[in-house]
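Protein chains in written order, with the numbering used here: chain A, 1 to 294; chain B, 295 to 430.
It is possible that some hints are incorrect.
When the alpha-carbon atoms are kept at most 27 Å apart in a straight line, the in silico DSS-like pairs for lysine-lysine are as follows [to be verified]:
{"no.": "1", "chain 1": "B", "residue 1": "307", "chain 2": "A", "residue 2": "146"}
{"no.": "2", "chain 1": "A", "residue 1": "31", "chain 2": "B", "residue 2": "409"}
{"no.": "3", "chain 1": "B", "residue 1": "307", "chain 2": "A", "residue 2": "147"}
{"no.": "4", "chain 1": "B", "residue 1": "385", "chain 2": "A", "residue 2": "68"}
Chain A stretches covered by chain B per the calculated footprint, using a threshold of three residues with CB under 8 Å from any CB of chain B [as the list claims (entries may be wrong)]:
{"no.": "5", "segment": "42-56"}
{"no.": "6", "segment": "219-225"}
Only part of the chain B face toward chain A is listed, based on derived beta-carbon distances under 10 Å [as the list claims (entries may be wrong)]:
{"no.": "7", "residue": "301"}
{"no.": "8", "residue": "303"}
{"no.": "9", "residue": "304"}
{"no.": "10", "residue": "323"}
{"no.": "11", "residue": "326"}
{"no.": "12", "residue": "333"}
{"no.": "13", "residue": "336"}
{"no.": "14", "residue": "338"}
{"no.": "15", "residue": "362"}
{"no.": "16", "residue": "372"}
{"no.": "17", "residue": "375"}
Derived by calculation from the structure, the hints in this document are not laboratory data. No experiment lies behind these values; they were computed from the predicted model shown. C-beta: ideal position from N, C-alpha, C; glycine also.
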Amino acid sequence: MPSLKALRGRINSVKSTRKITQAMKMVAAAKLRRAQSQAEAARPYAERMARMLASLGASVAGSPDAPKLLVGTGQDRVHLLVVVTADRGLAGPFNTNVGRFARHRIRALEAEGKTVKVLSVGRKGAAFLKREFARLVVGEISFMGKKRIGFEDASDIADRITAMLETGEFDVCELIYNRFQSVITQVPTAQRLIPAPMPEAEAETASGPQALYEYEPAEEEILSTLLPRNLAIQVYRALLENNAGFYGSQMNAMDNATRNAGEMINKLTLNYNRTRQANITKELIEIISGAEAV
Amino acid sequence: MATFQLELVSPEKLLLSRPVEMAVLPAAEGEMGVLPGHAPMIVALRGGIITVTENGQVTDRLFVGGGFAEVTPERCTVLADEATPVSQLSKADAELRVREAEAAYSAAAAETPEKRDAAMAKLLAARAMLGAAEAA
Chain A
1 MPSLKALRGR INSVKSTRKI TQAMKMVAAA KLRRAQSQAE AARPYAERMA RMLASLGASV
61 AGSPDAPKLL VGTGQDRVHL LVVVTADRGL AGPFNTNVGR FARHRIRALE AEGKTVKVLS
121 VGRKGAAFLK REFARLVVGE ISFMGKKRIG FEDASDIADR ITAMLETGEF DVCELIYNRF
181 QSVITQVPTA QRLIPAPMPE AEAETASGPQ ALYEYEPAEE EILSTLLPRN LAIQVYRALL
241 ENNAGFYGSQ MNAMDNATRN AGEMINKLTL NYNRTRQANI TKELIEIISG AEAV
Chain B
295 MATFQLELVS PEKLLLSRPV EMAVLPAAEG EMGVLPGHAP MIVALRGGII TVTENGQVTD
355 RLFVGGGFAE VTPERCTVLA DEATPVSQLS KADAELRVRE AEAAYSAAAA ETPEKRDAAM
415 AKLLAARAML GAAEAA
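This is chain A alone, in the form it adopts within the complex:
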C-alpha cells in the first residue's frame, strides 16, 4: 500500500493536469468558434465554384486544347495526394484518422498499380506519412508559428500543385482532409481536384450534351484566371475545415481528459482517506494493546 505522502503527491499532480487540460479546452473552444464560422462561411463559395467548374468541364471536355488544370493530362498513372493535417497534437484521434484514411487510399491506389506521390500539409501528418511512406513524400508544408491561415497560404500550395502539373509530375490530384461536420464529428474526406469532377448523373438526365457556354472575355483568358483561383479556393476551404475540425477535436479530447482527471482524483482521494483511517485504526490498536499489556 502506498504511503500517505505518495498519495498526496499523486493527487496534486493529477489536479494540476486537470487544470491544464481545462485551460486547453477553454482555449480550443474559443478558437473553435472563430474557425467554425470561418469554415462554414467559406463553404458556399467553394461549392458554387466547384459546380461552375463541373459544368465548365463538361462543356470543354473532349476538346484537345482543354487546359490541363481542368481536365488533367488525360492519363491516370501518377496520383498526387495532398494530405492536410494539423500542426499540433493533443486533439484525440484527429490526425490519426486522416493518416489512416490516407494510408488506405495509398494502399488501394498502389494495389491498382498506380504511382502515388504525397504532398503533406501540416506537421503531424508529415511525421506519420514519412514514417510509413518516406519514399512517396515529395514535399511537406507546415504553418508552424502562424497565427491564422490566410488565403495566401492556400494560393502558395495551389501554385505548387500547378507547377508540379506543368512539369508533368502527376496526372490526378486528390485532396484529403478532415471535413468539419460538427464539433464532435470530423469526417476524413477525399476530394478530387484535377481533373475537375464531372457531374455524371446530371449529364445523363439532361437532354443531350450540355449547352456550350459563351465566354466574355475570351475563353482562355477566363479559364487562365478561374482555374488557379478555383484550386486555391478548394485548398483554402480544406485548410479552414481542417482548422475548425482540429479545434473541435481538441476541445473534445481535452473535455474527456478533464473528466478522466476528475474521476482519477476521486479515486485517489478515496484511497487516500481509506489509508489514513487504516493508519489511525492501527495506531489506536497499538496504543490500546500497549495499555492493556501494562
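We have chain A already, so just place chain B on it with the hints.
Chain B alone, transformed into the frame defined by chain A:
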C-alpha cells in the same frame, strides 16, 4: 413576371440567394443585364455595382470587387472576390482604397504588363466603390 435564381457569394459568405426578375452585372467588357432564360455564359466581372430588380423595382444594389459569374437559363451565380451592399459602404474606406490603389498602380508602372493590369483593375474597382459610396 418570370424570375430566375440569383446567387451572390464571396469567400466570406453567401450574400444573396433568391429569385429575382433582373440583375445587372458589371462584366469586364461592359454592363450586362441578365433576364430569365439568358444564354449560358461565363463572364469575368470588374469592380462595380450589381443591381437587382424585383417587381419592376430596384431592390438591392451591391458592390463587388471583381470575380466571375455563371449564367444559365434558370440561374445566375456570382462569385465575387468581395461583396458589400452599397448601403454599407463608407466613403472614407473607399477614399483610402482609391489612394492605396493609386499608389500601387504608380509603383507597378515599371513592372510586367500583367502586374500593371492587375493594379489597374484594382484601381478601377476602388474608384467604382468610391462612386457608389458617394451616390449612396
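Here is how each hint holds up against the structure:
{"no.": "1", "hint": "B:307 x A:146", "in the structure": "holds, 24 Å"}
{"no.": "2", "hint": "A:31 x B:409", "in the structure": "violated, 37 Å"}
{"no.": "3", "hint": "B:307 x A:147", "in the structure": "holds, 22 Å"}
{"no.": "4", "hint": "B:385 x A:68", "in the structure": "violated, 43 Å"}
{"no.": "5", "hint": "42-56", "in the structure": "holds (count 9)"}
{"no.": "6", "hint": "219-225", "in the structure": "holds (count 3)"}
{"no.": "7", "hint": "301", "in the structure": "holds, 7 Å"}
{"no.": "8", "hint": "303", "in the structure": "holds, 5 Å"}
{"no.": "9", "hint": "304", "in the structure": "holds, 7 Å"}
{"no.": "10", "hint": "323", "in the structure": "holds, 6 Å"}
{"no.": "11", "hint": "326", "in the structure": "holds, 8 Å"}
{"no.": "12", "hint": "333", "in the structure": "holds, 6 Å"}
{"no.": "13", "hint": "336", "in the structure": "holds, 5 Å"}
{"no.": "14", "hint": "338", "in the structure": "holds, 5 Å"}
{"no.": "15", "hint": "362", "in the structure": "holds, 6 Å"}
{"no.": "16", "hint": "372", "in the structure": "holds, 9 Å"}
{"no.": "17", "hint": "375", "in the structure": "holds, 9 Å"}
Hints 2 and 4, counting from the list given before, are not met by this structure.
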